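There are 2 protein chains.
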Amino acid sequence: MDNKPKIVIIGAGFGGIAMAKSFKNKNVDVLLIDQHNYHNFQPLMYQVATGGLEPGSIAYPVRRIFRKYKNVNFRMAEVFSVSSQEQTLSTTAGIISYDYLIIATGSQNNFFNFEPVKDKLLTLKSIPDALNLRSFIFQNLEKAMEDTNNQPLDEILNIAIVGGGPAGIELAGALAEMKRFVIPKDFPGLDISKMNINLYEAAPKLLAVMSENASAKSELYLKQLGINVFLNAKVSDYDGVKITLADQTTFQTDTVIWTAGVKGAPINGLPKEVIVGGNRISVNEYNQVIGFKNVFAIGDVAAHLSLLNPKGLPMLAPVAQQQGKLLSKNILRQIASKPLEVFKYKDKGTMATVGRKKAVVDLPKWKFQGTFAWLVWMFIHIFSLIGFRNKFVAFLDWFSNYISYDRPLGLIIRPYKRLDKNNTDG
Amino acid sequence: MDNKPKIVIIGAGFGGIAMAKSFKNKNVDVLLIDQHNYHNFQPLMYQVATGGLEPGSIAYPVRRIFRKYKNVNFRMAEVFSVSSQEQTLSTTAGIISYDYLIIATGSQNNFFNFEPVKDKLLTLKSIPDALNLRSFIFQNLEKAMEDTNNQPLDEILNIAIVGGGPAGIELAGALAEMKRFVIPKDFPGLDISKMNINLYEAAPKLLAVMSENASAKSELYLKQLGINVFLNAKVSDYDGVKITLADQTTFQTDTVIWTAGVKGAPINGLPKEVIVGGNRISVNEYNQVIGFKNVFAIGDVAAHLSLLNPKGLPMLAPVAQQQGKLLSKNILRQIASKPLEVFKYKDKGTMATVGRKKAVVDLPKWKFQGTFAWLVWMFIHIFSLIGFRNKFVAFLDWFSNYISYDRPLGLIIRPYKRLDKNNTDG
Numbered sequence: 001m002d003n004k005p006k007i008v009i010i011g012a013g014f015g016g017i018a019m020a021k022s023f024k025n026k027n028v029d030v031l032l033i034d035q036h037n038y039h040n041f042q043p044l045m046y047q048v049a050t051g052g053l054e055p056g057s058i059a060y061p062v063r064r065i066f067r068k069y070k071n072v073n074f075r076m077a078e079v080f081s082v083s084s085q086e087q088t089l090s091t092t093a094g095i096i097s098y099d100y101l102i103i104a105t106g107s108q109n110n111f112f113n114f115e116p117v118k119d120k121l122l123t124l125k126s127i128p129d130a131l132n133l134r135s136f137i138f139q140n141l142e143k144a145m146e147d148t149n150n151q152p153l154d155e156i157l158n159i160a161i162v163g164g165g166p167a168g169i170e171l172a173g174a175l176a177e178m179k180r181f182v183i184p185k186d187f188p189g190l191d192i193s194k195m196n197i198n199l200y201e202a203a204p205k206l207l208a209v210m211s212e213n214a215s216a217k218s219e220l221y222l223k224q225l226g227i228n229v230f231l232n233a234k235v236s237d238y239d240g241v242k243i244t245l246a247d248q249t250t251f252q253t254d255t256v257i258w259t260a261g262v263k264g265a266p267i268n269g270l271p272k273e274v275i276v277g278g279n280r281i282s283v284n285e286y287n288q289v290i291g292f293k294n295v296f297a298i299g300d301v302a303a304h305l306s307l308l309n310p311k312g313l314p315m316l317a318p319v320a321q322q323q324g325k326l327l328s329k330n331i332l333r334q335i336a337s338k339p340l341e342v343f344k345y346k347d348k349g350t351m352a353t354v355g356r357k358k359a360v361v362d363l364p365k366w367k368f369q370g371t372f373a374w375l376v377w378m379f380i381h382i383f384s385l386i387g388f389r390n391k392f393v394a395f396l397d398w399f400s401n402y403i404s405y406d407r408p409l410g411l412i413i414r415p416y417k418r419l420d421k422n423n424t425d426g
Numbered sequence: 001m002d003n004k005p006k007i008v009i010i011g012a013g014f015g016g017i018a019m020a021k022s023f024k025n026k027n028v029d030v031l032l033i034d035q036h037n038y039h040n041f042q043p044l045m046y047q048v049a050t051g052g053l054e055p056g057s058i059a060y061p062v063r064r065i066f067r068k069y070k071n072v073n074f075r076m077a078e079v080f081s082v083s084s085q086e087q088t089l090s091t092t093a094g095i096i097s098y099d100y101l102i103i104a105t106g107s108q109n110n111f112f113n114f115e116p117v118k119d120k121l122l123t124l125k126s127i128p129d130a131l132n133l134r135s136f137i138f139q140n141l142e143k144a145m146e147d148t149n150n151q152p153l154d155e156i157l158n159i160a161i162v163g164g165g166p167a168g169i170e171l172a173g174a175l176a177e178m179k180r181f182v183i184p185k186d187f188p189g190l191d192i193s194k195m196n197i198n199l200y201e202a203a204p205k206l207l208a209v210m211s212e213n214a215s216a217k218s219e220l221y222l223k224q225l226g227i228n229v230f231l232n233a234k235v236s237d238y239d240g241v242k243i244t245l246a247d248q249t250t251f252q253t254d255t256v257i258w259t260a261g262v263k264g265a266p267i268n269g270l271p272k273e274v275i276v277g278g279n280r281i282s283v284n285e286y287n288q289v290i291g292f293k294n295v296f297a298i299g300d301v302a303a304h305l306s307l308l309n310p311k312g313l314p315m316l317a318p319v320a321q322q323q324g325k326l327l328s329k330n331i332l333r334q335i336a337s338k339p340l341e342v343f344k345y346k347d348k349g350t351m352a353t354v355g356r357k358k359a360v361v362d363l364p365k366w367k368f369q370g371t372f373a374w375l376v377w378m379f380i381h382i383f384s385l386i387g388f389r390n391k392f393v394a395f396l397d398w399f400s401n402y403i404s405y406d407r408p409l410g411l412i413i414r415p416y417k418r419l420d421k422n423n424t425d426g
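Chain order of the listed sequences is E and R.
Each residue of the first sequence is one higher than the one before, counting from 1 in our numbering.
Each residue of the second sequence is one higher than the one before, counting from 1 in our numbering.
Isolated chain E (complex conformation):
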């Protein structure tokens, strides 16, 4: 119809959403593409996995976010590849052309040396992952109640978490509270002492990106909750029923949850030389992909390698959001042939929660832990959910969990079957 520049954003994560929002009512046509029809709030995925929140509370249909944005459209599609020469994307919804392309495809699990056994692991990168994990844990608890089951009880009940970052420690804390407050009520007669939860971290401390205080306090909190924390603990193998560490110690469990790392999830069709460490896309200080004028990358998938940040910025939601907001302005400047503004990350702090009244917060000028940190964590996370309904239901669920020491949601809606051939039951 008209000749407005066509801006295509791949990925409706924190970066893609922030960027598309910043184009509201600007003289450009924006097309946002995602393989799912919803945006999800990744930091609370572990709450879905442990029955604290409903999937609907942390996910929100993308189309609803942009209902009042006349110049923003959405397409649910998977992107096969980009042809930067033709300025087109090949997708499950056909060929899509662009004037400006923004790759905001985020990250995927990095299994490192566990790549060959990844089908035996449970993960926490998506809502189906979280629901699978919830089903798997509750199925195992049901299995543990059977008299005729021929699997050793500790193999069924034990849980290993690999990775001591925020995802790993938040999940460990939530599982520990489930073990203590929920499972004994729902599974009377079950020998809960057979359930050991081990957390393995390869580095010498938990929460590597946070302060020493936060690392030490989160370790203390986990131990108080009964988690066995292993530092400098490199995992070396997993056969489906037993995880082996580099020092050859083993732990019998059919439940290994992998939170040990992520890598970029770039699209196909980019020149090989722009893919750098961590499978991320090399960008300049304006988030332009190196060698391109009209192709950009933001968020987890982008890495601006500099002397200050030789590995690029951390893979965090605020980085993606800040990059998205600035990039939309820069693209408008580029369209108007004005000079671009250099991206500078404003670190607003990081936080993680282990359990009730147990959280750690690192602000740039103030680091604190404990009950107040936990309240701050809850307030910020509820406030960050999209939509009043989701904020309210999350508040309600957490408030009721707080009062009752309970978790409301333990449905095995789709029995989870692992891909490995050992597991043939439903």
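A few of these clues could be false.
Given that identical chains are not distinguished, each listed pair holds provided it fits within a single copy or across any two copies.
Taking lysine to any residue and the SDA-like style, the derived pairs with C-alpha atoms no more than 25 Å apart in a straight line are [to be verified]:
#	residue 1	residue 2
1	24	145
2	234	372
3	125	414
4	70	179
5	234	5
Worth flagging that the hints you see were computed from the coordinates, not collected in a lab.
This structure is a prediction, so every number in the text was calculated from the model and none was measured.
Given chain E's structure and the hints, the job is docking chain R onto it.
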């Protein structure tokens, strides 16, 4: 340990739950078995399918219901068969013995002449069914937005519902409201006039079990909402893209939702002669399976054939609940060698809702329709949900739908793939 009589109830539906509750603190050991770990509130399944309620609002973990029942245990298991001679069940959780057995296994879809094409149909008997339906409809809407899609738009958007009972008309009404109030907001540019919703009923009226007024009014309501209602309309074939009626008229659609009938879901191992019409188990006036003293059936799966009810009682939740409550007393009488009490169904009425301010209620002495009926319907359904959390969240979601003319939940969490080979996309 002790010699309390062991009562085994198969099925945690309305009948099984009511019965197990009635045994609270009695001098018997109760084991409740279900293939799922939750009880679900079947009458609101269509709300999950159309994005009005979360699955977690209408389903509740069985173990939580019985937390404070010391003499009631739960086992998640599938029952393969019963051996009434040995007084045992063979199940996925091993052999389970009983002194008294209650079969409360409910009903399953009856596809009648559509049995050969059942894999091409969508159904609404379980929570996975409802989530599949929700995914399927939203996937189709996304597909309709693609320029390159090679399926005709009316085939994608049209919906056929077979069956004009409560499930069919409630679903049709909810879909009509989605079409009118939600889809145009989320899918601007989509030619919604291509979406026709046809409801086929083989009988000469809708809601066969309800009053003439209720039937006529529900038909009027559906037509007001834009549903094409076809009475005396027997469906004869479906090929995946086109449904054919007995009169050879056809309707192009890839979405056929089957709500046309149910039949009993008895367990294996019973003598053939006790399985009567509608695949139900023949019971006497005490809900004893004919020919047995200690095997009983209640609810949808049971049929007490009498001159008054030659086809047995209707397959409704209140029947199952009343039977369950009386049977627990009767079993205690039987244990105490006292005479049993004959079951008498107290009909408290039936109701169905078509849409906002459009419902029909038949009480034994008062039949009414419209806004007040709708309020009564909502009040009773919210009140019937298990747990304060579920009541509150359902109330919140419905209240917000009422204010906003919206439905909050449209996530395609697991892309639904139909079993038929035509459908290979995600």
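| said: Please list, smallest to largest, the hint numbers that this structure does not respect. | reply: 2 and 5
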